[in-house]
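Visitor: The primary structure of each chain is shown beneath.
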Amino acid sequence: MTSSISAPHAAGPPLVRLERVSKSYTTPAGTRVAVDDVSLEVREGEILGVIGYSGAGKSTLVRLINALELPTSGKVFVGDDELTALPESRLRQVRQGIGMIFQQFNLFRSRTVAGNVAFPLRVAGLGRAERDARTAEILDFVGLLDRAYSYPEQLSGGQKQRVGIARALATNPRILLADEATSALDPETTADVLALLRRINRDLGVTVVVITHEMDAIRAIADRVVVMDEGRVVEQGDVYDVFSAPSTAAAAKFVRSVLQDRPSAETLARLRQNHPGRIATIQVAEIKNFIGVVTTIFLEAGVDAELVFGGISELQERAIGALTYELSGPDERIDAALAALTEHSLTWNEES
Amino acid sequence: MDFFLSNTDVFVTAIWQTLFMVFASLIVAGLLGLALGIALYVYRPGNLLGNRGVFTVLNVVVNIVRPIPFVIFSTAIFPLTRAVIGTTIGPQAAAFALSLAAAFAVSRIVEQSLVGIEPGVIEAARAVGAGPGRIIFTVLIPEGLGPLILGYSFIFVGIVDMSAQAGLNGGGGLGDFAITYGSQRSNWVVVWITVAAIVVLVQLGQFVGNHLARRALRR
Ligand SMILES: Nc1ncnc2c1ncn2[C@@H]1O[C@H](COP(=O)(O)OP(=O)(O)O)[C@@H](O)[C@H]1O
Ligand SMILES: [Mg+2]
Numbered sequence: 001m002t003s004s005i006s007a008p009h010a011a012g013p014p015l016v017r018l019e020r021v022s023k024s025y026t027t028p029a030g031t032r033v034a035v036d037d038v039s040l041e042v043r044e045g046e047i048l049g050v051i052g053y054s055g056a057g058k059s060t061l062v063r064l065i066n067a068l069e070l071p072t073s074g075k076v077f078v079g080d081d082e083l084t085a086l087p088e089s090r091l092r093q094v095r096q097g098i099g100m101i102f103q104q105f106n107l108f109r110s111r112t113v114a115g116n117v118a119f120p121l122r123v124a125g126l127g128r129a130e131r132d133a134r135t136a137e138i139l140d141f142v143g144l145l146d147r148a149y150s151y152p153e154q155l156s157g158g159q160k161q162r163v164g165i166a167r168a169l170a171t172n173p174r175i176l177l178a179d180e181a182t183s184a185l186d187p188e189t190t191a192d193v194l195a196l197l198r199r200i201n202r203d204l205g206v207t208v209v210v211i212t213h214e215m216d217a218i219r220a221i222a223d224r225v226v227v228m229d230e231g232r233v234v235e236q237g238d239v240y241d242v243f244s245a246p247s248t249a250a251a252a253k254f255v256r257s258v259l260q261d262r263p264s265a266e267t268l269a270r271l272r273q274n275h276p277g278r279i280a281t282i283q284v285a286e287i288k289n290f291i292g293v294v295t296t297i298f299l300e301a302g303v304d305a306e307l308v309f310g311g312i313s314e315l316q317e318r319a320i321g322a323l324t325y326e327l328s329g330p331d332e333r334i335d336a337a338l339a340a341l342t343e344h345s346l347t348w349n350e351e352s
Numbered sequence: 001m002d003f004f005l006s007n008t009d010v011f012v013t014a015i016w017q018t019l020f021m022v023f024a025s026l027i028v029a030g031l032l033g034l035a036l037g038i039a040l041y042v043y044r045p046g047n048l049l050g051n052r053g054v055f056t057v058l059n060v061v062v063n064i065v066r067p068i069p070f071v072i073f074s075t076a077i078f079p080l081t082r083a084v085i086g087t088t089i090g091p092q093a094a095a096f097a098l099s100l101a102a103a104f105a106v107s108r109i110v111e112q113s114l115v116g117i118e119p120g121v122i123e124a125a126r127a128v129g130a131g132p133g134r135i136i137f138t139v140l141i142p143e144g145l146g147p148l149i150l151g152y153s154f155i156f157v158g159i160v161d162m163s164a165q166a167g168l169n170g171g172g173g174l175g176d177f178a179i180t181y182g183s184q185r186s187n188w189v190v191v192w193i194t195v196a197a198i199v200v201l202v203q204l205g206q207f208v209g210n211h212l213a214r215r216a217l218r219r
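So the sequences go chain by chain: A and B. Those letters in the first sequence? Residues 1 to 352, by UniProt numbering. Those letters in the second sequence? Residues 1 to 219, by UniProt numbering.
Just chain A, with the same shape it has in the complex:
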């Protein structure tokens, strides 16, 4: 085991590369494109979040990385191997180097905790003594050594996922794929499991791909994020950049639905009943005394500004969010105030 990679942002060269990958399923109901012309890279040592609505193609995407599915077109590279060019027997070896954990844990009910963890070691052909030693070591790492002889049904959800993680890490993989790994857990257990994933990334140097529809999981651990919508990657980049300034409409829609920092159509209609003035939403910016600056701009323009909606939260230790104001006064003064906002490099939208 290596612990040389300590800083999560010190992501290295691409470990996984997808080149124009598409995957479609043909069912009696017709053909469905689950992943549509996706190109992306997972860098060595990073935690990559893949986020999007249910049905966006996230699970299919991750299953292409460990060749549980083969693409309809395009190429998949893991390390030096082009998966799309390998026979099934070689793919099995590749899979031994990629761990995977699941929403429903998918533990073997007929095996004990230790039996579950030892299974991939048997597949890898390790002898009994080595298996036992490695099983004990990895169970200790996830804090479940004392439950080695329990059966899965005797464990809590959080413990089951720890067993899933131990099983996935048994063969010392370079990559861990987590498909909605915390979606079946309560918030507290989710935080524990996310902390464990972070530890696996930092202490063991394992590259992690976290698939989720939950913003909090991404917020907690991801370095970079990929936003998927209807099979396509609509946005990718640094987590803060994507969430503070999404550049595509599909990504913006998703970001808004998880951040809930802009009034929805219904909220806006309700606001309008009590607030007859013009309404504008300003994105929170990383500047000193943000609210003071905004307030001063409105004061100097002679516009009466009342804060009616909004929220500021934290992402990667930086502020993110938006504030919605009702602006009252002559139209030309309001226009001047909004122009001043732009001069200060602030992003705003007037709600129609």
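It is worth saying that the hints were derived from the structure and are not from the lab. Certain hints may be false.
To be verified - Pair ranges (Cβ atoms, derived):
1) A:S257 to B:G53: 24 to 34 angstroms
2) A:E350 to B:R52: 53 to 63 angstroms
3) B:G53 to A:P14: 38 to 48 angstroms
4) A:A136 to B:A83: 37 to 47 angstroms
The beta-carbon is built from N, C-alpha and C at its ideal position, and this holds for glycine as well.
Please build the complex by placing chain B with the ligands on the supplied structure of chain A, with the hints as guidance.
Guide: Structure of chain B with the ligands alone, referenced to chain A:
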């Protein structure tokens, strides 16, 4: 009653013949049916070895053969039985026919038992690089063991039933005994004693099956 007592040796022979037919065909049909049932499961489109062609052939064959009443089935395969066993009468010939007929019934029960396994568990095994053979023997069978054992104790009852019918085709055993020594001579005591023997056999089979299934399911 006196008549029964004077024929106890025939009764004991009949019991042994029934036990032979039932257990020989339980083992042979159990293994054949297990293989066929696993094949039905893994070749189903979308499953481990999903293959529409193979699945359709297996499925159609099982669907055609399984509902054939045993008396007709065993008669229809007389030529095959003669070729393999050398005769069409006696417990061995009957066990042969029973094994074949029961294998088709077992295959459906095996398939049903495996359907209950979470597909995610098989996915987890594939994800660590396990191949189909390993998955079948070290994941599918152990994970489905509880329902499989219950299915086998269910089929046990069916085999006892078929073994009695085998008596009609000169197979020997308790069915033959009940007819030749009982109903044909209007000796109802013989019939009832035979019924009692079969009830005991079936109950024992059920008891053992339930016990093993509970152990497999840890309940
Ligand atoms: N094995 C399959 N057969 C047919 N359609 C599938 C299959 N797997 C996924 N799909 C379809 O592909 C789309 C993407 O699914 P999925 O990758 O599971 O999305 P997500 O994980 O983002 O919810 C969905 O519309 C789904 O119905
Ligand atoms: Mg999914």
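Visitor: Take the hints in turn and mark each one as holding or not.
Guide: Now for the hints, and whether the structure bears them out:
1. A:S257 to B:G53: 24 to 34 angstroms: violated, 45 angstroms
2. A:E350 to B:R52: 53 to 63 angstroms: holds, 58 angstroms
3. B:G53 to A:P14: 38 to 48 angstroms: Holds: the Cβ-Cβ distance is about 40 angstroms, inside 38 to 48 angstroms.
4. A:A136 to B:A83: 37 to 47 angstroms: violated, 58 angstroms
Taken one by one, the earlier hints fail for this structure at numbers 1 and 4, listed in ascending order.
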